[in-house]
Every structure is written in structure tokens, then in C-alpha cells.
Amino acid sequence: MIYAIASGKGGTGKTTVTASLAALWDRPVTAVDLDVEEPNLHLFLNPELTGEVQALMEVPVVDPARCLLCGQCAAFCQFKALSVMGKTLLIFPEMCHGCGGCLLLCPEKALNPGGRELGQIVSGSFRAGRAETSPFLMGRLRVGEAMSPPLMRQVKARLPEFGAADILIDSPPGVSCPAVNAVMDADCIVLVTEPTPFGLHDFRLAVEAFRPLGKPLGAVINRAGMGDGCVQDFCRAEAIPVWAEIPFSRAAAEAYSHGEVVARAVPQVRDTILALMERMQAAAAADSREACHA
Amino acid sequence: MHEVVVISGKGGTGKTSITAAFAHLASMRGGAMLCDLDVDAPDLHLLLGPDRQEEHDFHSGFEAVIDREKCVACGTCVDLCRFGAVRKPSGEDFAGYCIDPLRCEGCKVCAQFCPAEAIDFKEKHCGEWYASGTRFGPMIHAQLYPGQENSGRLVALLKKEARNRAERLGLSLMLCDGAPGIGCPVISSLSGASQAVIVTEPTPSGLHDLLRVAELCGHFRIPAGVVINKFDLNLQNSMDIENFCRERELAVLGLLPHDEVVVRAMVQAKCVTELPATPFSEALRTIWGQIVDFEPRAAARPALFQPTPNI
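Protein chains in written order, with the numbering used here: chain A, 39 to 332; chain B, 27 to 337.
A couple of the hints might just be wrong.
Residues on chain B that point at chain A, a partial pick, calculated with CB under 8 Å [to be verified]:
#1 Asp69
#2 Val135
#3 Pro206
#4 Leu242
Hints were generated in silico from the structure; no laboratory data involved.
We put the beta carbon where it would ideally sit given N, CA and C, even for glycine.
Construct the complete structure from the given sequences, taking the supplied hints into account.
And the structure:
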């Protein structure tokens, strides 16, 4: 089963919840950080990092000896990554989305595949609930690279390596393409929010974005007790199950600030996270049973 | 035009609450053009209560749609799509090939190479943008529809609109609330900015993300200053952040204590500076003073890179 931990608003506690779940998970599990712009999960899980590979995206490279400057590639490219200027075909690799269309189209076979560095894929292992060591995987976007989904896709392509283990995905914030990319392959979505007007507003957007995916979805209300009751009211009205409420505590905030896994440092949070784990597992299992009967 | 963009790398460090307070403080001294560039999950309007005067549709990019009447089920599109966006028919209730709009990149490869010319390529309606008035001055903001892309292009559009209107209104200051992260919307929001204000917090993720977003500002030659929010949560980490900033010649604009006044103000849809003074709001006033007096020393430096929005 793949579980995505997501949120509309940033800083609501996705990484806190993901790290806590990973540390207590009672089945074989792989922890994956898909917040490739700002990956943080490793700061709390302290994995032993053993592998790092460059992630490249295919971009065109022109062979000037073959290019007749016909301009078909430039006319076709939806992302303005190629342009004929005078007697040169200019290529702007940073604009390329890697669709491969220009290479297919070129009548002279004057374009060859080259690579743009997207960032790194880092792998390692960490200590989870029962298992001695569990796999850890993260993407780290190169600073200056604008597109995160291509790197996220490459990280996700590595997941089958980890066999039948459950997968916990720490997702990027927001509800646009990077966030959707992180949750679209999940079997179950956990939305972390906080009971404030900002938290509610972005939670609504996230519900709107992720509910059409038709996957079991539940809320975690972090820092409960601060703000107001708006998120609880919304969940009730929309029939969204609240799988956990983590009360606001300075102890939790300080543990986080020391890089600790909050569920290990604060006993009450540990119980809440264990209950959350059971609810997530039950929701995902019920959904897959339903799919079998359908 | 002095163009200030508030960013953070890590989400939830307090960008929007701080930007709203800056908008209030700016309104007492000449005013500013306000702009919410977090088009994905915008929140600034919740504190500023804009009164929408204009609403515009935002169209950007395309998506492929298969016409099942024309489709000959040859599978060419499945083979060529690099994004796994074409779903193969399987099972009885699946009438034919179709495109998953969430995975479609809008590259047109399938439409171009379909031998039956069965694939339409339609422009996407991705969101809306607004020109509004607020109690602190004019505001440009937007809402990208959930799950949509091209937020970098929408950010670029908002900045262009905001600049034009600021010029028309004779405003010399533009104040922008940015998005978290370091990807396309953030790069786009830094384009043409005269100063970035990075809001961080004394946690491992706050520091880690500050390093990356500061590097991004350096990459694009945007002078950046740092605000350490909730500094008293972990004094050692706050000192480490200050030391890091000194090494990188990043100005530390100030430290803000962890204060529940931020949430109290948010619940009342107000800025912290509109409530009775607290140490938090006083520190914020001092920080704002440094931002308006900021001399864009790096502006004289030739820019080696100009950020280009992700198209």
C-alpha cells in the first residue's frame, strides 16, 4: 500500500507526521521524500545514506552538420525550447519538458538526446518500528531547476525496487502539479492541516484537488487547540474522517526544533500516531477489498 | 520601483502573516501595490479582505483529448507519451483509449503522431486572477484551479499586472507574498525583484530550506535579508542561522518571538500590527523600517541570470 501524507498549506506538519509514522510503522515500510524542492524527512529520520545518483532529463542536442534549419522542431515545441535564429538552431534546455517530440519530428535526424541535470536521487536506510532497517529514498531538486515533477517521476519509478513493503510518501505542499504528482499513485491520502483560517482555506483546496482521485482520504489536525474549530466543522460537514488530532504543545515544537521524531519524544503524540496508523491501514484495506468486489 | 518578495523555502514559517503586517505598515507611509504570488495556496486575502474589482480567466497550456469515434486503437500514443498519460483500454467498462488530464503535460506528441488524427489539443482554463482594493491599498491576486500547472506563468502575469498598475498609480513600492519551495513559482516570483525577504524558523528544516532558498537568490543575484520567526523556540538554532547569514553576507533583518498573537490576529482576519502592540509586532515594525530603507546595493551589479518562468 502507498500512503501519501500531503497538505494544502505548508508547515502544517507533513514531515512531523510522516517521520512519526515511519518510526512507528508496524509492517515493512519504505519512507520516501517527494518534497524534492525542500526535502526534510531525512533531518528527522536520520537515515544512513548510502547511494546518490544524478537524475537527468532528456533534452535535445543539435548536430549542426545535419540541421537544415527547417524550423519544424521549433514550430512544434509547446514549451519554446527551440528557436531558429539566423543560421543557428538555438536550444534552451531549461525550457524543455522532455517530451521527445522534436527528436521524433526532425526529418534530418539532426537532434540527439542529451541530458539536463534535475537533481539527485538519494537512497539509504533508517530504523522503523519493528523492522531493523527500512529503505529510505528522497529526491533533491537542483537549486535553480524550475520543474519538480520530472524528478518526482524518476523517484517514483524506483519504488518497485522495494517490493511489497508499505510506502509512506512525504509530499510537497500545495495543490498544483507537484502535489498532485506525489499523491496520484497513492492508495490512501492523509491531509495534514491546522485549525486556523489559513489551514482551513488550504485544506479545502486540497480536498477539492484530491477527492476526485477517488482514494480513501482522512484528515490529521495538527496543533489542535490553537486557532478555532473551523477545520473540525468543515470535516463534519463534508464527511471527511478526522484520523488524528495532535494537540498543540510547546514540547512537540521544541522536540521538532531539535530534529527529533515527535512521536518518539512526546508520549501522547506516540499514542495518537499509532491510532492514526491503524486508521490509515484500515481505510486502505477496506478500499482495496471494495475494489476486489466491484 | 522597489519590489519586495517575501519567501521562505519551508512552508508555514509565517510569510503571509508577516507580509500582511508589512502591507499595513506600508499603508501608513506612501502605500504599496500588494500582490499574492502564492497562486497555488493563496492566503493573503484572508487577512486583507480584498474587494474584487476585476476578475479575469487564466488560460495556459494545452491538453490532449482523444476522440473515440476516430480512434483506431493502434496504441501509437501510448508508446510515444513520456508521461504515462494515455490509459490503455482494459476491462469491459473501458470503452477505449483516453488521456488522464492529471498526467498530460500538454506536449502535443500524441496529437502530432496519431495516424487517425483522433486527438484534439485544447487550451486549458487553469485559474482566475483578480484586481482588488483592500484597506491597505490595491492588490493583485489569483487562484489556480486545484491540480493545475503553469503557476510560474500565472505568477509572471500577476507581477506584470501589478507593476503596470503600480506605475499608473504612482506607487514606488511593490510588496509580494511568495510561495514555499524553490521551484517554478518561486523562481518566477524572484524575476525582477529588488529584494527577497526570507522568513525562516530555528528548526532543522527551517535552516535546511533557508540554505537552498538563499542559494536560489544568489543564483539569480537577488539581494536577500532573513527574518528568524519563533526564534525563542530554539536559541542555539537561531544562533546557527545568524552565523550562517553572516558567512553568506545575508542581512539578518530581525528576530521574532513565538507569539500566539499571530494566530489570534488570523482568526480575526486582521494583521498583527492592527492589534494592541506586542513584542512581536514591535519587532516587526523595526524589521519593516529596514526593508523600506533598503539600498538595493546589488541592483548596480549586472545580473548574470534573469530568472525565466517555467512555461
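Verification of the supplied hints:
1. Asp69: holds, 5 Å
2. Val135: Holds, because the Cβ-Cβ distance from valine 135 of chain B to chain A comes to roughly 4 Å (cut-off 8 Å).
3. Pro206: OK, holds: proline 206 of chain B within 8 Å of chain A, min 4 Å.
4. Leu242: holds, 5 Å
The structure meets every hint from the earlier list without exception.
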